[in-house]
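> Chain by chain, the residues run as shown.
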Amino acid sequence: MEIGLNHYLVLSTILFSIGLVGVMRRKNLLMLFFATEILLNSVNISFAAISHFYGDLTGQMFAFFVIAIAASEVAVGLGLLIVWHKRHNAIDLDLMSTMKG
Amino acid sequence: MELLLYTALFAPLVGSLFAALFGASPKTLVTGVVTSLLLGVSLVASTILLIFVITSGQFVHVEMMTWITAGDLYIPFGFIVDQISVTMMMVVTLVSTVVHVYAIGYMDHDKGFNRFFSWLSAFVFSMMVLVMSDNFAGLFIGWEGVGLCSWGLIGFWYQKESATWAANEAFIMNRIADLGMLIGIFLIYWNTGTLQYHEAFAAMPALENATLVWIGIFLFVGAMGKSAQFPLHTWLADAMEGPTPVSALIHAATMVTAGVYLVIRSHELYALIPNVGLFIASLGAFVAIFAASMALVNRDIKRVIAYSTLSQLGYMFVAAGLGAYWVALFHLMAHAFFKALLFLGAGNVMHAMDSELDPFKMGGLGKKMKVTMIMMTLASVALAGIYPFAGFFSKDLILEAAFVEQHYIIYTVLLVTAGLTAFYSFRIIALIFHGEERYKLFGFHPHEAYKFMLVAMSPLLLLAIIAGSFKLSYFEMVTNLLPAIEYHIHHPLTYWVITLGTQLFVIAAIFFAYKKYMSKSVKVPDGTSAMEKSFFYKLLINQYYIPRFYEEYLVKPYRELSCVFWKHVDQKVVDATVDGIANVIYITGENSREMQSGNLSTMLKWMVAGLVALLSLAVVFGLATRHSDKIMLILSGLGV
Amino acid sequence: MFEAIAFYLFSFLTIAMFYITVTTSQALYALSALAAGMIFISAFFFILGADFLGAVQIVVYSGAVMALYAFGMMFFDTTRDVKEKKGNKYLITGLATLAAILVVVIVSAPLIGENISAYYPMTEGAGNTQEIGMVLFTKYLVPFELAAVMLLVAMISGIVLAGKKMDLSLTLMSDREIIEMREEKNKKVLL
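Chains as they are written, first to last, in the numbering used here: chain A, 1 to 101; chain B, 102 to 741; chain C, 742 to 932.
Hints may contain errors.
To be verified - From the structure, some residues in chain A lie toward chain C, with a derived Cβ separation under 7 Å: (1) Val21; (2) Leu39; (3) Ala63; (4) Val66; (5) Ala71; (6) Val83.
As the list claims (entries may be wrong) - From chain C, some residues computed to sit far from chain A (all C-beta separations above 12 Å): (7) Thr765; (8) Met807; (9) Glu872; (10) Arg917; (11) Glu918.
No lab work stands behind these hints: they were computed from the structure. Here a beta-carbon is modelled for each residue, glycine too, at the ideal position from N, C-alpha and C.
Please model the entire structure based on the sequences and the hints provided.
Here's what the structure looks like:
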């Protein structure tokens, strides 16, 4: 039973949809960040798999940059989250309705 | 010389813009003074240009800037001062300067004083563009510009229903005619590929005769509208709703002669199509007697003078149509002077009589308004064409031209018209200034106009008297451009008989008018006298029922048609469509407002939905481009 | 065979961990499950021969990111249950699946069409780390530097954002002081 590219892509799909479900149903902002991490990781898996099966390093390079972006996102996002929490004492997404049109 | 040209052209515009600055504020004397001074500047510049053109015999031709260049179409803002346009410039600037100064007094108590001067100067600018342009496009701009200003000035007292109506009538009638002119201009461009006068006319002899005839007819339709020739004449009499200086400037001296100017300017075209010229002359002769007959009975001074203008325009068209272009231009010039004078005199009378216009309610005003009386009488003498006043030289020349060209019917018509002209002119003179002082019955207290107004009128008086003596020098100047045909009746006996006969006929008409209307038995007509019941009187006083005919058979059906379109097409189709589109968008917005609840998690969901939609589109398009050949095959199989 | 077993095992573990992450109502469980999932993902990288990437994954995610989250959570009240939205579950799941499938289809379309070729083929005989080093510091030098700057910026912004009023301790302040501070803050917000 050979594990091919498709297996990895299917796995990536499953993880991506789990991440998207998290993004959509979570209302705690911290949980939302977790879900975004899942999204980024699922994509990393496909990059690595493609890189492997095609013998090309570009996929891995991309995965590196994705990790770098994820790290920055966490730093900035958490900073904002803390500021928000200090101001409103809550990190509930439903309370953030200042963009109401 | 270029600087002078620009000065002459743009000084009125500067004045107009200056006055427009104060447009909404109450009367400020400075606007009137500044616009008048700037027109004076324009007049001086025009005079210098005139002297230059006379002495050197050259043109001044400038190209200010490119206006349109698209493909082969090249239309510059070009201006030319040649013998024709310099004549028109002199007439326009002179009369308008006089009228401006006069209007300072005439509009003294009017609320729209500043607005008036702004419009008036704007009109002069448009007129200058019209006469100075070196191409048909510029001419058309000026043409529309004077139309617009005329509209603004006829409807100057916009509170009055009749004034706005008259303004709209004038504007709409002119638009109808302008369509014809526009077609003419298009035809010129279509066939010659240029709109510059000299290039277009140079290309014309090579064209087919039928094309030329159509061009000539369409251009003349434009001229008919602006110069109020039958059947588009009704607006001119109604245009008298405007302030009297406007009538003097626009509806007597300048704008209405634009049609004549157009024909003269296009003389090279009309020389190629003598049949159209003959038609123009016949129509002119018809209008001359037609308008004069309406002037016989009218009970409104300004309308009488307006009909007289119409009649004189007919004379000019006769001359132009018969190829005597320089005669037409000469009569245009002379007519401008004495007709403007007549109008300004009528303005004085109106001022004195609290805007009363019925001459039957006046009488005996001569004692109170001597200067006005003298001026108007002399102007009427000039109009009637008595030697040695201006009208004699210009108008008799037209008669002679008709005689020499052997158009005896036209000659007879014009001769009769000359008699009618003398009669109706002196009819109003007699009714206004002589006879019983009927105005006392109506409780008027007439007074003479301001001195400076009379002084302002004096140059016109002078010119009305002596303009005839310029005939020879004028002839020499203008015939550099226009065909130099001298109209002399070779047989001296015939000449003297005709000239003296005409003079005697006119003088007889004058005496008849005096005799009839100076008598003490003249009463304010009340519709009881035998004359007022006669068929002809009714026909004439109702202007041959032409306005009523237009009203009944053109305006009303058109209004009904418009109503049908309004109710059934506009409201039910166009409006419904527009409203429908708006409603769809409105309802969509109303329903999709929920999206913008401001709740971030809802937004996230929408974001994912949008992502899905866009990704599906990407996949669909990707597949479509990949399999485009197959899709085309299927589509062609379906017969698309 | 061994590879297949490892793949399925780690797939199961990863999916399970991430599933817990998105469904649990306890923030701490979620955090732990996420950290575990990250480590299991690195296993795939090792299977795929991307050793360096696997190491980075463990160091950056499980080490740095998770630690950052853990510190962040100290500011929040994580003991209480996280309330979940009531929404259409099927809609959410359906949308998510659809989006995931589409993304994968688009990414893998050129692979299926087999019209890609390797730009930077693996060097024979060199280790994974060596290869990455060669590519990263030649072809991807500028993006690499940019990423470094971006991380620096993120770090500074994190400090600036979170560091305000760090000297105040809510636990040491009396209730009245806290209320006053809140009011003052509200005023500022209103302004």
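> Can you list which hints this structure breaks, lowest number first?
2, 4, 7, 8 and 9
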